[in-house]
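**Student:** Next come the chains, spelled out residue by residue.
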Amino acid sequence: MAEFFDMGGFGNYIWGSYGFAVICLGWLNYASWRKAKTAAEQLAILRADTPAGPKNTE
Amino acid sequence: MFDYFANPSRFMRIANRLLLPLVILSLSTGAIGLYLGLFVAPADYQQGDTVRIIYIHVPSAWLALFGYVGLGLCGLFYVVWRHPLADIAARAIAPVGAVFAVLTLVTGALWGKPMWGAWWVWDARLTSMLILFFFYLGFIALANGFDRAERGSRPAALLALVGMINVPIVKFSVDWWNTLHQPASLLRSGGPAIDSSMLTPLVLTLIAAHAYFAILVILRMRALLTERRLAALTLRPGGD
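If you're matching them up, the sequences are chains A and B in order.
Just so you know, we're using our numbering here: the first sequence kicks off at 1 and counts up by one.
Just so you know, we're using our numbering here: the second sequence kicks off at 1 and counts up by one.
Here chain B stands alone, though its shape is the one from the complex:
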């Protein structure tokens, strides 16, 4: 099955067919989720209306983290099988994941200031998320830091793999250390700790953000594959 989808043309044909359904899914769930989150869901009994930042902060954090898992898996596939599609996917994921990581850090600061009295604290969750962002930046710098793009693929893939160590640290930092950041509210033993009036819009915005992430990655993969084809055509004997 892996070989079947690893064919770039076949993969992109399937991915392109998914674009429109993903756009519809992202827009519809995003609109309903934000409407419910901003207009219908009640303010939190402790955090007041600042809790409404959750509908942008948590989806961003999940995608920064899941995006990195995707980056690490692509790194693994590239290092082991040297498949160019894994390299293309990693290069497409990295900037999108990096933006979601920035979004997590900034919305977290905007939530932290009124609740904790500080924009930033060197808390385990915040620090590990900042390190995740630096891994994204490192990947982007390494992948694009060579005269020929392919030369940067292997070192960047290795860095992506090394950065995977940080993923469980981000996830479990709130359990392993005493942190100012609140513990997990959704993925926890015993089920979500959020009331359904807030959980429903959160789940909807999570679906919207995942679909949006997929759209962006497909678009960037399409562009990168076309650029590779362009480079191959230009270098071809008899080409321009």
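So that you can see chain A by itself, here it is in the shape it has in the complex:
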């Protein structure tokens, strides 16, 4: 197993690449979900506060 993680002596470079990818893509995923969720929640609150507002046509 240690040999696998060592990757022929290049483990730092290889796992550094994968680690950075996980951080970047994970953050992007979280930020995108949060952005969509927050906007949907705000819209729901606004619609609840304004009963005469337009109905959701989706």
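Think of the hints as simulated: they come from the structure by calculation, not from any bench.
Be a bit skeptical, because a hint or two may be false.
Dumping the calculated SDA-like pairs for lysine to any residue here, alpha-carbon to alpha-carbon at most 25 Å [claimed, not checked]:
hint: 1; chain 1: A; residue 1: LYS37; chain 2: B; residue 2: LEU25
hint: 2; chain 1: A; residue 1: LYS35; chain 2: B; residue 2: ARG228
hint: 3; chain 1: A; residue 1: LYS35; chain 2: B; residue 2: PHE146
hint: 4; chain 1: A; residue 1: LYS37; chain 2: B; residue 2: ILE24
hint: 5; chain 1: A; residue 1: LYS35; chain 2: B; residue 2: PRO84
hint: 6; chain 1: A; residue 1: LYS37; chain 2: A; residue 2: THR50
hint: 7; chain 1: A; residue 1: LYS35; chain 2: B; residue 2: ARG10
hint: 8; chain 1: A; residue 1: LYS37; chain 2: B; residue 2: LEU235
hint: 9; chain 1: A; residue 1: LYS37; chain 2: B; residue 2: SER26
hint: 10; chain 1: A; residue 1: LYS35; chain 2: B; residue 2: ILE24
hint: 11; chain 1: A; residue 1: LYS35; chain 2: A; residue 2: LEU46
Knowing the structure of chain A, use the given hints to seat chain B on it.
**Tutor:** Below, chain B alone, put in the same frame as chain A:
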């Protein structure tokens, strides 16, 4: 057909239906591709195990580039037809493409150091990719640099169009100039120059990354459309 999909509600209804299949596709191909790439594929006879960085570097580079093509096309549609959905799509693509461009540059540096002895060289491929990243940043800054979001749409779309000049430069830089970066291994005349034991995981991770990119863009488009609707409701007479 363009008019049919240009309706934001209809487009999002179709896009939302695609989300789950895209998640399944991305997770399955990503898991199998990474398993094959990290555990099964052999080390390269010249580059050793560092070649395993290819399974994250190449998909990132493709998406940084394809993402910019998408951004440029959206810019064109917005400048010519002024369709708000093109603006929304461009705004959704830009941050995702920018992150993939950063990922390309960083994983490239982590691959370059053990192979070339340097984190960075002012090589045509690396420099043009850095410029691509700056175009993404420029788009994001212009699109969001105004008090009302719509005001930034046209200048940002024009910048996206100007940046399209850089796309063929990134792609063909390794052919046009003598570069330290290796030439194209996949999209080249004569077919891929990679052995199938490495090509299969690479193709799988490419599929996974494309599906992941699409998921993120759909989510961001959904958020941006909801934000626009919120703004319209808030500004509406009688609204809050």
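**Student:** Determine for every hint whether it applies to the structure shown.
**Tutor:** Results for each hint:
A hinted pair counts as satisfied when its Cα atoms are at most 25 Å apart, and LYS37 of chain A with LEU25 of chain B qualifies at roughly 23 Å. A threshold of 25 Å between alpha carbons decides the hint, and for LYS35 of chain A with ARG228 of chain B the separation of about 13 Å falls inside it, so the pair holds. The hinted pair formed by LYS35 of chain A and PHE146 of chain B meets the criterion: a straight-line CA distance of about 20 Å does not exceed 25 Å. Restraint check for LYS37 of chain A and ILE24 of chain B: the C-alpha separation of about 21 Å stays at or below 25 Å, so the hint holds.
Among the hinted pairs, LYS35 of chain A with PRO84 of chain B is consistent with the structure: their alpha-carbon atoms are about 19 Å apart, no more than 25 Å. For a cut-off of 25 Å, the pair hint linking LYS37 of chain A to THR50 of chain A stands: about 20 Å separates their Cα positions. Proposed proximity of LYS35 of chain A and ARG10 of chain B is supported: the alpha carbons are some 21 Å apart, at most 25 Å. For the hint linking LYS37 of chain A to LEU235 of chain B, the alpha-carbon distance of about 21 Å falls within 25 Å, and the restraint holds.
Between LYS37 of chain A and SER26 of chain B the CA atoms are separated by roughly 21 Å; this keeps the pair inside 25 Å, and the hint holds. Between LYS35 of chain A and ILE24 of chain B the alpha-carbon distance is near 22 Å, which keeps this suggested pair within the 25 Å criterion. With a CA separation close to 17 Å, the supplied pair LYS35 of chain A and LEU46 of chain A stays within the 25 Å bound.
Checked against the numbered hints above, the structure violates none of them.
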